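Colleague: Each residue of the sequence shown is one higher than the one before, counting from 1 in our numbering.
Calculated from the structure, these hints are not laboratory results. Quick caveat, the model's predicted, so the values are computed rather than measured. Idealized CB from N, CA, C, for every residue including glycine. Each hint should be verified, as a subset may be incorrect.
Using C-beta positions, here's what the derived DEER-type ranges look like [claimed, not checked]:
id, residue 1, residue 2, range
1, D65, S153, 44 to 54 angstroms
2, L233, D65, 35 to 45 angstroms
3, L128, R38, 38 to 48 angstroms
4, H242, A130, 17 to 27 angstroms
5, Q219, Q119, 35 to 45 angstroms
6, L128, P216, 34 to 44 angstroms
7, E5, P216, 28 to 38 angstroms
8, G203, R38, 40 to 50 angstroms
9, E45, I186, 52 to 62 angstroms
10, A90, A212, 42 to 52 angstroms
11, E5, A57, 24 to 34 angstroms
12, V37, P201, 12 to 22 angstroms
13, L233, N22, 29 to 39 angstroms
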Amino acid sequence: MSSPECLEAWQSHLALAQRRSNHTVRAYAAAARRLMVRLDLETFEDVAALSAQEVRAHLASRRSDGLANASAARELSALKGFIAFAKVQAGHDVTQPPRLRGPRLKKGLPRPVSPDDAQGLAETVDALAAEEWIGARDRAVLLLLYGAGLRISEALSLTGADLPLGERLTVTGKGSKQRVVPILPIVREAVEEYCHLNPWPTGREEPIFRGAKGGPLSQGVVQKATARARRALGLPDTATPHALRHSFATHLLGAGADLRSLQELLGHASLGSTQIYTKVDAASLLDTYRNAHPRDRD
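Kindly generate the complete structure, drawing on both the sequences and the hints.
Modeller: Structural data, given as structure tokens:
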């Protein structure tokens, strides 16, 4: 296989065999392409024959280009997968991959917003929108994130087949894994109001949420609308659309939800991903204590 054919095979493997998201497929393919171009590799045999030192040198050059720790760690993960795939294609022993260590990353806690601020963001994106239907659209999207715990990609992938929303919604998340989430009346009503105002027809296979020109709504548009609302409300930069999903989880946990139920609602593959919210809730309680306790303010 030539270099373009190798990359095409790698993309197909990611999308079809591993069922990775479109974003991951693009990112991992780009990492593989950079490796092959910089080291002048043409075939899977070339990639499979790489030494750990050569891969480290490539990653060092990427770091010198200004790649941050988190991005470098993702690039390393992508290259490890690509090299392992190349070894299989070249008929090599896959039990001996290059021994590579990524940069140490500090695992920060998600920063939830308060219930009032979550509601404020939803109302403010509506108020600041250039058109009534766009405001209703942005409000409905944010309420799906906060009220149902959806990822932004999951909310934007909803189609006319999901309408009208009932008390429960089947969501297809990462790895095409499906879960059922309850839909609160305020969320359902927000989506209904948007659909009533939406000037674009919504067929069963078409996305519910549309951009200003009728195409599928992009995540970037929602993020920009949220940033405008965040500035208007004086909220920190951490008040993002994804923070609303964190807030959904944190507030449920604080209200007494158990971790297993929360795992199902969030669509996490492992309980470990959900357990981080126990630390978030503890941190939130500590902040409340520090702000309220008179001795701690001295």
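Colleague: Taking the hints in turn, state whether each one holds.
Modeller: We went through each hint and held it up to the structure:
A beta carbon spacing of about 28 angstroms between D65 and S153 contradicts the range 44 to 54 angstroms that was offered as a hint. In this structure the supplied range 35 to 45 angstroms holds for L233 paired with D65, their Cβ-Cβ distance being about 37 angstroms. Taking the beta carbon of each, L128 and R38 are about 44 angstroms apart, inside 38 to 48 angstroms as hinted. The hinted range of 17 to 27 angstroms is satisfied by H242 and A130, whose Cβ atoms lie roughly 24 angstroms apart.
With their beta carbons about 21 angstroms apart, Q219 and Q119 fall outside the hinted range of 35 to 45 angstroms. A hinted range of 34 to 44 angstroms for the beta carbons of L128 and P216 is inconsistent with their spacing of about 22 angstroms. For E5 and P216, the hinted distance range of 28 to 38 angstroms is satisfied, since their beta carbons lie about 31 angstroms from each other. The hinted range of 40 to 50 angstroms is satisfied by G203 and R38, whose Cβ atoms lie roughly 45 angstroms apart.
The given range of 52 to 62 angstroms is respected by E45 and I186, whose C-beta atoms sit roughly 58 angstroms from each other. The hinted range of 42 to 52 angstroms is satisfied by A90 and A212, whose Cβ atoms lie roughly 48 angstroms apart. Distance hint check: the CB atoms of E5 and A57 are about 25 angstroms apart, consistent with the given range 24 to 34 angstroms. Checked against the hint of 12 to 22 angstroms, the C-beta distance between V37 and P201 comes to roughly 44 angstroms, which is inconsistent with it.
L233 and N22 have their C-beta atoms about 32 angstroms apart, which keeps the hinted 29 to 39 angstroms range intact.
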